[in-house]
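Here the protein sequences come in this chain order: B and S.
Numbers 1358 to 1686, taken from this note's numbering, label the letters of the first sequence in order.
Numbers 1358 to 1686, taken from this note's numbering, label the letters of the second sequence in order.
Some hints could be false.
Which copy is meant is left open, so a pair is good if it fits within one copy or across any two.
To be verified - Below are the BS3-like pairs computed for lysine-lysine, each with C-alpha atoms no more than 27 Å apart in a straight line:
(1) Lys1535 to Lys1375
(2) Lys1535 to Lys1483
(3) Lys1375 to Lys1672
(4) Lys1454 to Lys1483
(5) Lys1644 to Lys1454
(6) Lys1644 to Lys1535
(7) Lys1454 to Lys1369
(8) Lys1372 to Lys1483
(9) Lys1653 to Lys1643
I should point out that these hints are in silico values taken from the structure, not numbers from a laboratory.
Protein chains: 2
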Amino acid sequence: MSAWSERKLIEKISKGSKGKQPGVLLSIGDDCCELATGSSSLISTDTLVESVHFDLTFHPPYSLGRKSIAVNLSDIAAMGGVPRFVLLSLCLPEDLKQEWINQWLEGAFSMLGEFDCSLVGGDTVKGRQLVLGITVLGEALPCGAVYRSGASEGDTIWVSGILGAAGAGLALLNHEKKHSGSVDFSSYRSLCAAHLDPTPQVFLGQELARSGYVTAMQDISDGLATDLAHLCRASGVRAEIESDAFPMTRETSAAADFLGVEVEDLLLRAGEDYQLVFTVQAGAEKKFIAFMEQQKQQLTRVGIITAGNGVFLQKQSGTTEISFQGYEH
Amino acid sequence: MSAWSERKLIEKISKGSKGKQPGVLLSIGDDCCELATGSSSLISTDTLVESVHFDLTFHPPYSLGRKSIAVNLSDIAAMGGVPRFVLLSLCLPEDLKQEWINQWLEGAFSMLGEFDCSLVGGDTVKGRQLVLGITVLGEALPCGAVYRSGASEGDTIWVSGILGAAGAGLALLNHEKKHSGSVDFSSYRSLCAAHLDPTPQVFLGQELARSGYVTAMQDISDGLATDLAHLCRASGVRAEIESDAFPMTRETSAAADFLGVEVEDLLLRAGEDYQLVFTVQAGAEKKFIAFMEQQKQQLTRVGIITAGNGVFLQKQSGTTEISFQGYEH
């Protein structure tokens, strides 16, 4: 006997997928679901594994449910697309509590609701390890999806939001796990939230696509050093970024000091920021800034695209290659 | 260090997804892939877990790769749809051999090739247990998808192919695992193949949809007793099926004798046949048979839809309810 009931779980999932579901022609309960799709669809799948991608000892199920959906929506955000439909594939250990699953689902539904996404399918199986597989289906805006491959020499490189917060939050949570009572979390609230409950930049991604000036884009999941390297490889270009330009908060540098780690590692290599890195067409910077003026999210120019390949970090001490130095899941 | 390399794996997946890929606007290598979709899309996801859904001691990786895709294509077949795109979510233990993964992928690609499906995305993560998650995206024929919910009183109930072969094959393989050398596999080749390497009834499902006489359909994955019960519940009807009518082969009854199990359990409850169960519009039986004449696959009428609910088995000894007596994954 398992601690959770598959029937109850499927009922909860089915209930959560009822009601206002634009574009869902046939919902959960048949061999497939049937969806009204546009002429082009964006699709992505991402899997979170217990003790690899999340730590059950400090990740509350509600925020993990939100994050499980968020990291997938972030892939749609990175194309400037509109997320529409989500499928769950849950592999759950027998001893997992029904209450844990209920809270995870509530979190997942709350994130789906924030972005008007419909849960349209799912599969639940028993396994020895908790594995959360999510597939998201979306559509590009009429202006088209933004690929990784469009950056050219002279384009400027930008990031949204701040870097390093999620990495600092995770490091603090891990530190507290090892040395109970050592971390004063009241000083690091936003860092922990950045790890536990990140916000996918869906609306910002769409606005960037709409601007018409963004030539390439991707989300920052494995750290800027790795994610920008992907963009450079896809575009066949080189990125030169400046260490002084990185957007961060005092909380992050305080956390780095407290933990005794390099702040640069948090900013460039820790990953999971779920912000966007993108390039703006050479010469279009002013028009781009004017277009984005209404946008509340912080946008920071961090470098420039040049001929060549790889990602290079410019510091006062010199220039070093940092391609693919991010976190590998 | 794991026994397999994620880079190699991703390279293999990317390579296998290259070439002629109709409808793929952007393939693997960006945050999402972009697909040309019709106005309506069918989508389904299915997860296979080691030691729950398959046994690595006797399931060769090549046929498991084929089967992993096949069971998902079967969901599209059950709607009378055309499978088009597949995404993989592979959770692989560190000690899994690269060669095992290579053969699994080869099997998966061979099944995808048989049905002109494109692999368009994937995610590979490390985990303690082998978990194979597959998502398939397809489209309905212009005549529309066939749902589970369309059966009415007076419709006749049909199944494709033969029943019980996969269940018998699995029971034989399990018997041999416990009592090495006890099973003469030369007598049971087709039964073992039915378990290890089932064929999804994609083309038959389309032909049945095209006929215009099929009112409800689903695939037989959990056994006729359970799958027909799903169809009845969705349609709000009762099914009466006749024990004497079930299509089977002598191999299956011989296996049942050898194993000391009830042949009825294999036919109705063992599951994994991946055949189709469907209902034909009341009064349209002759026209349906005429339409399907060109079709080579065996089709057998096994009962009739009446008012009420549940699935009832008629035997010489009387009538008993068998709803949801199938295998629960």
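How the hints compare with the structure:
1. Lys1535 to Lys1375: neither (43 Å within a copy, 46 Å between copies)
2. Lys1535 to Lys1483: between (30 Å within a copy, 24 Å between copies)
3. Lys1375 to Lys1672: Neither. Shortest intra-copy (54 Å) and inter-copy (40 Å) distances fail the 27 Å Cα cut-off.
4. Lys1454 to Lys1483: both (13 Å within a copy, 24 Å between copies)
5. Lys1644 to Lys1454: neither (53 Å within a copy, 53 Å between copies)
6. Lys1644 to Lys1535: Answer is neither: 50 Å inside a copy and 73 Å across each miss the 27 Å cutoff.
7. Lys1454 to Lys1369: This pair counts as within: shortest intra-copy Cα distance 15 Å, inter-copy 38 Å.
8. Lys1372 to Lys1483: Close inside one copy (21 Å), not across copies (32 Å); limit 27 Å.
9. Lys1653 to Lys1643: within (17 Å within a copy, 67 Å between copies)
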